[in-house]
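2 protein chains.
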Amino acid sequence: MGTGYAPVVADQADHGLARPSEYPQFRMPALVAELTQFASIPSISADPEHAGDVQACARWLAGRLRRAGLHRVGVIPTRGHPVVTGEWRHAPGLPTVLVYGHYDVQPPGPAGRWTTPPFSPVLRAGSLHGRGTADNKGPILAHVTAIQQHLRATGRLPVNVVCVFDGEEEIGGPHLAAFLAGHEAARTADVAVVSDTPMRRTGVPALVTGLRGVLTARLRVRAAGRDLHAGHFGGAVPGAAEIACALVAGLHDLAGRVAIPGFYNRVHAPSPAERADAAAAAPTDADILRSAAASSAWGERGFSLYERTTMRPAIVVNGAGAGSVGSAARAVIPAEAVIELNVRLVPRQQPDEVAELIRAWLAEATHDLAPGGVTVTVTFGAHVKPVVISVDHPAAGAAARALSTVYGTPPVLMRSGGTISAVSTLNELGIPLVLMGFSLPDDRIHAPNERFSLASLRSGVAASSLFLSEIARLR
Amino acid sequence: MGTGYAPVVADQADHGLARPSEYPQFRMPALVAELTQFASIPSISADPEHAGDVQACARWLAGRLRRAGLHRVGVIPTRGHPVVTGEWRHAPGLPTVLVYGHYDVQPPGPAGRWTTPPFSPVLRAGSLHGRGTADNKGPILAHVTAIQQHLRATGRLPVNVVCVFDGEEEIGGPHLAAFLAGHEAARTADVAVVSDTPMRRTGVPALVTGLRGVLTARLRVRAAGRDLHAGHFGGAVPGAAEIACALVAGLHDLAGRVAIPGFYNRVHAPSPAERADAAAAAPTDADILRSAAASSAWGERGFSLYERTTMRPAIVVNGAGAGSVGSAARAVIPAEAVIELNVRLVPRQQPDEVAELIRAWLAEATHDLAPGGVTVTVTFGAHVKPVVISVDHPAAGAAARALSTVYGTPPVLMRSGGTISAVSTLNELGIPLVLMGFSLPDDRIHAPNERFSLASLRSGVAASSLFLSEIARLR
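Residue numbers (this note's numbering), protein chains in the order written: chain R, 1 to 475; chain C, 476 to 950.
Errors might be hidden in some of the hints.
[To be verified] Simulated coverage check for chain R against chain C, where a stretch passes if three residues somewhere in it have a Cβ under 8 Å from a Cβ of chain C:
#1 117-126
#2 150-157
#3 198-210
#4 232-246
#5 298-305
[As the list claims (entries may be wrong)] The calculated label-pair distances, taken between Cβ atoms and stated as ranges, are:
#6 588/C / 257/R: 53 to 59 Å
#7 917/C / 377/R: 36 to 42 Å
#8 67/R / 595/C: 49 to 55 Å
#9 659/C / 116/R: 54 to 60 Å
#10 737/C / 113/R: 18 to 24 Å
#11 747/C / 261/R: 53 to 59 Å
#12 852/C / 178/R: 47 to 53 Å
#13 110/R / 588/C: 21 to 27 Å
#14 847/C / 264/R: 23 to 29 Å
#15 830/C / 178/R: 55 to 61 Å
#16 742/C / 113/R: 40 to 46 Å
#17 110/R / 847/C: 21 to 27 Å
#18 759/C / 52/R: 22 to 28 Å
#19 847/C / 391/R: 33 to 39 Å
Hints were generated in silico from the structure; no laboratory data involved.
All C-beta atoms in this analysis are idealised placements derived from N, C-alpha and C, irrespective of residue type, glycine included.
Between the sequences and the hints, there should be enough to build the whole structure, so can you do that?
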């Protein structure tokens, strides 16, 4: 793969680059080979069986930071998976940029749904396909490559840099706050840049101005002491699947609104101005359906799909399991069912308060829907608060200039419906945030056949490099 | 295991045996060791990966029939798993008894729910625990042992016998009819005995007078082309799990009746006399809940639990799957969901007609519940027709006398809510049927920790032995 790629300096015309001198040379083939290695390590933070792979991935990344020329590189233990750090702080009086990324990945999901194996990255149609290529290993390598090329070309960086690469972002980043509390240089950074959001579309960059929060909940329905013979007992005793389905069916009303009393209490209705801005710049319903490869919309009536996914909260069923399906199916009444819920929160919603609303609704719904003796328990996972990001800070201007230069068009300001636990954590520390991503809306992050285009990788290096230079000019 | 068991001839008093001379000797330890071997083979007919084990199990059983002294023993290929046969037909002018059983088993289900591994049978508290011990390997061995001991003691059997041991009962017996069409001795048997139903309770035998039929259906909901990021798209596009749950929730009305239009059209309401008989002899609601280890009832109001499980049809969700649950859970909107339905049919319901009703309901429900572009497909598996079994045939009297002798109390006449495909097939051939089982209602067939008590094994041998003798007296 990749021997056909020329150094990016030969490609100025492609990117409309105004200041080629700011682009240190790097070789795409080597970068693609590195991303292939990086994405081959199944650093699935959610799966305890992959804890060793997460460690191995952290060590690989630390080695990469050392080769880039960063100092004080370390794999820092936490109470969970480690944080990988490195820094260059030899520019006294200049700002410190915290580069945040995460080297952990989502579980791959059903193997049969991947065209090529999730952890054997393959280059197809200009994109590297594999779990983690876009989310977030490709963007991490773009930043590290930019840093390395600055150091190689000039022996220094334009600003001070601290890299913080998390191993637990996909499980809600439970230990990042504790890590930051112990790392003064990171905690007191002047700005943090995070490339874990999508671009507006191919060729059009975006600065993200808001993220939804998340709260996960696992419902466990216990209908009987054991699975029961479907013939002998069918029609006489409750089945866990039926109860679980009835609960899920009750989560939304016919207008697509969440039916949990109080759920929308603190939700701010978008103002006419916000709606107009969104309508002008944000993805249209058709754009969003196209990105989703979906033919129909769903959800809360009266709001555009962009509004539904960014300004409105949502509850999604991530998983449902009862008995067995397919060739393992058995003629039983399953005793137990599990439902995995994913609640996306918008500003002003308080995770703890929403958890209590869910708990109360569930108690009521169980009472209404399930016979006595059926128990439904709920356990909540880590939550992440929603974030609104100001673009009034000069760092946003620096990012906008860097992106405009690389892509030849200014970034669109838009919210994302996604959640980045670290952004919430950094926001609570008061660090100004820049969310400029390099992946595309249809890069299938969290889904089978995730991919990251080589064009994104190449522009990502350029944007990161220029961003550091632009921050230096703010002094 | 088992060295403490005396030959059953020493145990007459335990069983109130009236005619000990009719009991050939057999040694329990050897029989328990054989059942342990037999139940160690994971003959899971539903799982293509276990096709070799089904074959191995058939060969094991054929060897056992040869050792018993049966003739013309064979592992007969079908278009699916083989049938194991053997016969003894040296009593001209005497009736021929077809002994039907099945050596295939249900999938074990979640390994974690078994106290000991499903295919490593373990003797605990007087029962052998393992998949298939009760359903149906233990009862098969009881019959084979009875045959062997008759042959050893007298050199002959009291009647002609043809054994037909099916390898596909748990998947609806798709090839049994074709097998029987080619096996004249079996097809023209004078009576068939099947021990694949439970006793009324410990110490109280039962003759089963009816079985429900079954129709399986797999619903597949396809909501999008791929799993989608729950943050980026949550609230804007349909999720397969939500649609599937809404469909399942619509299967029943608030009175616990199946809500599919026309579903009850042909269902016969039990007469006052039938209800009185059932109330007098059949398990009470409390009995059934105790067998199920369930604390609450569910289902069609206005009927006892016995009526609900035997005279009334039912739809059970055997399995539900969407996305992933537990540590493999991913923050996605699953594109696909699968629901496994198990429809239990009662006399006069026609499987094909019910399938059409389900198809029509599903089309309507999908239209009402799912946005355009969501597809729901249904595929139906093998079906088995419901059966009513007359007890007017003299063979029923022979069975009643054998059971009365062994257990010291006459058999209760009762229907079962279960389904035995072979019984439906044999019934359509016009062969009089005797359904006398040896397992207990709480032997957890189809569920984790299935078991078969040594008392059942021992009495089963005795009952089978006496039954053959009683049939001989009918001439």
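> Are residue 747/C and residue 261/R spaced within 53 to 59 Å by their CB atoms?
Replying inline: violated, 47 Å
>> Taking beta carbons only, do three or more residues of the segment 198-210 of chain R come closer than 8 Å to chain C?
In response: violated (count 1)
> For the segment 232-246 of chain R, do three or more residues have a beta carbon lying closer than 8 Å to a beta carbon of chain C?
Replying inline: holds (count 13)
> Honestly, do residue 110/R and residue 847/C meet the 21 to 27 Å range at C-beta?
Replying inline: holds, 26 Å
>> Looking only at beta-carbon atoms, does the pair residue 588/C, residue 257/R fall within the given range of 53 to 59 Å?
In response: Between residue 588/C and residue 257/R, where Cβ atoms are some 38 Å apart, the hint is violated.
> Are there three or more residues in the segment 117-126 of chain R whose C-beta lies within less than 8 Å of some C-beta in chain C?
Replying inline: violated (count 0)
> Would you say the C-beta atoms of residue 852/C and residue 178/R sit inside 47 to 53 Å of each other?
Replying inline: holds, 49 Å
> For the segment 150-157 of chain R, does the count of residues with a C-beta closer than 8 Å to a C-beta of chain C reach 3?
Replying inline: violated (count 0)
> Should the hint that residue 847/C and residue 264/R are 23 to 29 Å apart at their CB atoms be regarded as holding?
Replying inline: Since residue 847/C and residue 264/R have Cβ atoms about 27 Å apart, the given range 23 to 29 Å holds.
> Per the hint of 18 to 24 Å, is the separation of the Cβ atoms of residue 737/C and residue 113/R within bounds?
Replying inline: With Cβ atoms ~37 Å apart, the hint is violated.
>> Looking only at beta-carbon atoms, does the pair residue 67/R, residue 595/C fall within the given range of 49 to 55 Å?
In response: Between residue 67/R and residue 595/C, where Cβ atoms are some 52 Å apart, the hint holds.
> Does 33 to 39 Å hold as the CB distance between residue 847/C and residue 391/R, or does it fail?
Replying inline: At 38 Å between Cβs, range holds.
Checked against the numbered hints listed earlier, the structure breaks hints 1, 2, 3, 6, 7, 10, 11 and 18; every other hint is satisfied.
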